[in-house]
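Protein chains: 2
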Amino acid sequence: MGVKMKKLVQCVPNYSEGKDLEKIEKIAAPFKNNKNIKFMGCEPDADYNRTVITVIGEPEDIVAAVVESVGIATELIDMNVQKGEHLRMGATDVIPFIPIKDMTMAECVELSKIVGEKIWEKFKVPVFLYEESATAPNRVSLPSIRKGEFEGMKEKLKLEEWKPDFGERTPHPTAGVTAVGGRMPLIAFNINLDTTDINIAKEISKAIRFSSGGFRFIQAGPAEMKEKGIVQVTMNIKDYKKNPIYRVFETVKMEAKRYGVNVLGSEIIGAVPMEALSDSIEYYLGLDGFKIDKIIENELLK
Amino acid sequence: MGVKMKKLVQCVPNYSEGKDLEKIEKIAAPFKNNKNIKFMGCEPDADYNRTVITVIGEPEDIVAAVVESVGIATELIDMNVQKGEHLRMGATDVIPFIPIKDMTMAECVELSKIVGEKIWEKFKVPVFLYEESATAPNRVSLPSIRKGEFEGMKEKLKLEEWKPDFGERTPHPTAGVTAVGGRMPLIAFNINLDTTDINIAKEISKAIRFSSGGFRFIQAGPAEMKEKGIVQVTMNIKDYKKNPIYRVFETVKMEAKRYGVNVLGSEIIGAVPMEALSDSIEYYLGLDGFKIDKIIENELLK
Chain E
1 MGVKMKKLVQ CVPNYSEGKD LEKIEKIAAP FKNNKNIKFM GCEPDADYNR TVITVIGEPE
61 DIVAAVVESV GIATELIDMN VQKGEHLRMG ATDVIPFIPI KDMTMAECVE LSKIVGEKIW
121 EKFKVPVFLY EESATAPNRV SLPSIRKGEF EGMKEKLKLE EWKPDFGERT PHPTAGVTAV
181 GGRMPLIAFN INLDTTDINI AKEISKAIRF SSGGFRFIQA GPAEMKEKGI VQVTMNIKDY
241 KKNPIYRVFE TVKMEAKRYG VNVLGSEIIG AVPMEALSDS IEYYLGLDGF KIDKIIENEL
301 LK
Chain Y
1 MGVKMKKLVQ CVPNYSEGKD LEKIEKIAAP FKNNKNIKFM GCEPDADYNR TVITVIGEPE
61 DIVAAVVESV GIATELIDMN VQKGEHLRMG ATDVIPFIPI KDMTMAECVE LSKIVGEKIW
121 EKFKVPVFLY EESATAPNRV SLPSIRKGEF EGMKEKLKLE EWKPDFGERT PHPTAGVTAV
181 GGRMPLIAFN INLDTTDINI AKEISKAIRF SSGGFRFIQA GPAEMKEKGI VQVTMNIKDY
241 KKNPIYRVFE TVKMEAKRYG VNVLGSEIIG AVPMEALSDS IEYYLGLDGF KIDKIIENEL
301 LK
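Protein sequence lines, in the order shown, are assigned to chains E and Y. Counting with the numbering used here, you get residues 1 to 302 for the letters of the first sequence. Counting with the numbering used here, you get residues 1 to 302 for the letters of the second sequence.
Read the hints as simulated data drawn from the structure, not as lab findings. Among the hints, erroneous ones may be present.
Pairs count within a copy or across copies, as identical chains cannot be separated in the list.
[Said to hold, decoys possible] With a straight-line cut-off of 25 Å between C-alpha atoms, the simulated DMTMM-like cross-links for lysine to aspartate or glutamate are:
1) K226 to D288
2) K118 to E107
3) K302 to E43
4) K226 to D197
5) K291 to D102
6) K147 to E75
Remember, it's a predicted structure, so these values are computed and weren't measured experimentally.
Let the sequences and hints guide you as you build the complete structure.
Okay, structure coming up:
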């Protein structure tokens, strides 16, 4: 019955091993062995030769487990012989920290720094901080850091602008380089338009997406749903706090009117934090003084 | 990582002791001693001489704890000397079971029967099943069962129509009679109207409430918010699955138009299950195939 809300962070480390299930089991073990960590998924991909693990827990538990797991991956994976279809630069390629509950982004950035420092100190794997944790503009995007892949890191790290945030200018001989950072959860959100005209979806996508001058955290494009005889504006919401679902939805409705087209509805693909929805319910009901901890399920997670 | 969702039930037993904190502590102990039970609150009221305990947990844990707690209340409370402002018929006066997550009402009714039977068998306190668990129309409402209070139960139980559902036609000499039943969670929902005319709130209340021919599970009335210079339609939603929030809200908006009055917004008082909100978000966004277990927090409660 603590007054303090439990902080929850999601961690989605990517490892460059997607075939050897015994090794993957060992890498996943530090998460599975901690009963306070919710193990949400482990998805090995043999073609990619890569495994994505998704876990949620309190910051301290997650930090301890992910560092231990990186140590195991560092021992088990040799990047000199690793081959797969997915771009990669390290045995543990990337470790994102995502705020889920009662965590600020600043706290996730702090976590990423703690983990980055430990990875260098314990395993001598150099670390770049990326996304919200980035210390320079060229380090924000993972593809930009990863460019050159494992094989190119030796030369890349010697470049003035590619000094790692933790560690020296030489990649780990077998485990390469790892990126660690805080980022917001992505929400995959699609809006259905009652037309078969893909150009209308294209125009509306342009109106809302950042790359064409729209909302700062929206990536969007058109999609044809041939079976249903409709088109979609398909999007990623990269920061649902700054670009809430209802705002994008209402803007698409407003734009669709211009073409005399109805918005039929929408769909959310994959998981979504409650906050991303409760914000929209507040908008539609004009809720006064609503707090997310009034939701019983949230109370149960305290 | 079970596939089975964890079932959660809320239990809100009311005990006829609101002054002696030592006794109350003993009555609450079976809930507090079970770490799997979420202890949401214990509210003793000295004037009422009554304590309301709110707990949430899995059905088996809750059944065991509430039966033990009733045993302790039966020992500690003597209704022959108990006095307070609140109507009461037993040491444990009433035990509602409320479905919170992945529970049907039928399962709550089943729970109430299990608990009712045990209370009679173990402590010889006769039990009436009420609300959704009622076995006859005159047993649906608690006030109807409780009429006559502790002092009148001796005579009442002898009446043909007041044979207890469990136990004999004689109240427990010191602990009286207990009501047990399943019921839906109440949602206290208020809608703000941009007018000072209380009659408009009165007319709209009539349009939506059951007692005047409106929605089956709505109790509503007008309220003046003098400081804010507005009026409210204030209501209880007794079954948010059958009368969802958005439907009531949109109906009030529609009626308010008739008077040229704007709906300013709304407020939810107290706790609300996520399902009661997710239903409305589905409506407003026209969400296709949305399932509540896509919400990360729900995944965490599995």
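Quick rundown of the hints versus the structure:
1. K226 to D288: between (42 Å within a copy, 17 Å between copies)
2. K118 to E107: within (17 Å within a copy, 50 Å between copies)
3. K302 to E43: between (29 Å within a copy, 20 Å between copies)
4. K226 to D197: Within one copy, since 11 Å is at most 25 Å while 53 Å is not.
5. K291 to D102: both (12 Å within a copy, 23 Å between copies)
6. K147 to E75: Only inside one copy: K147 and E75 sit 24 Å apart there, 74 Å across copies, limit 25 Å.
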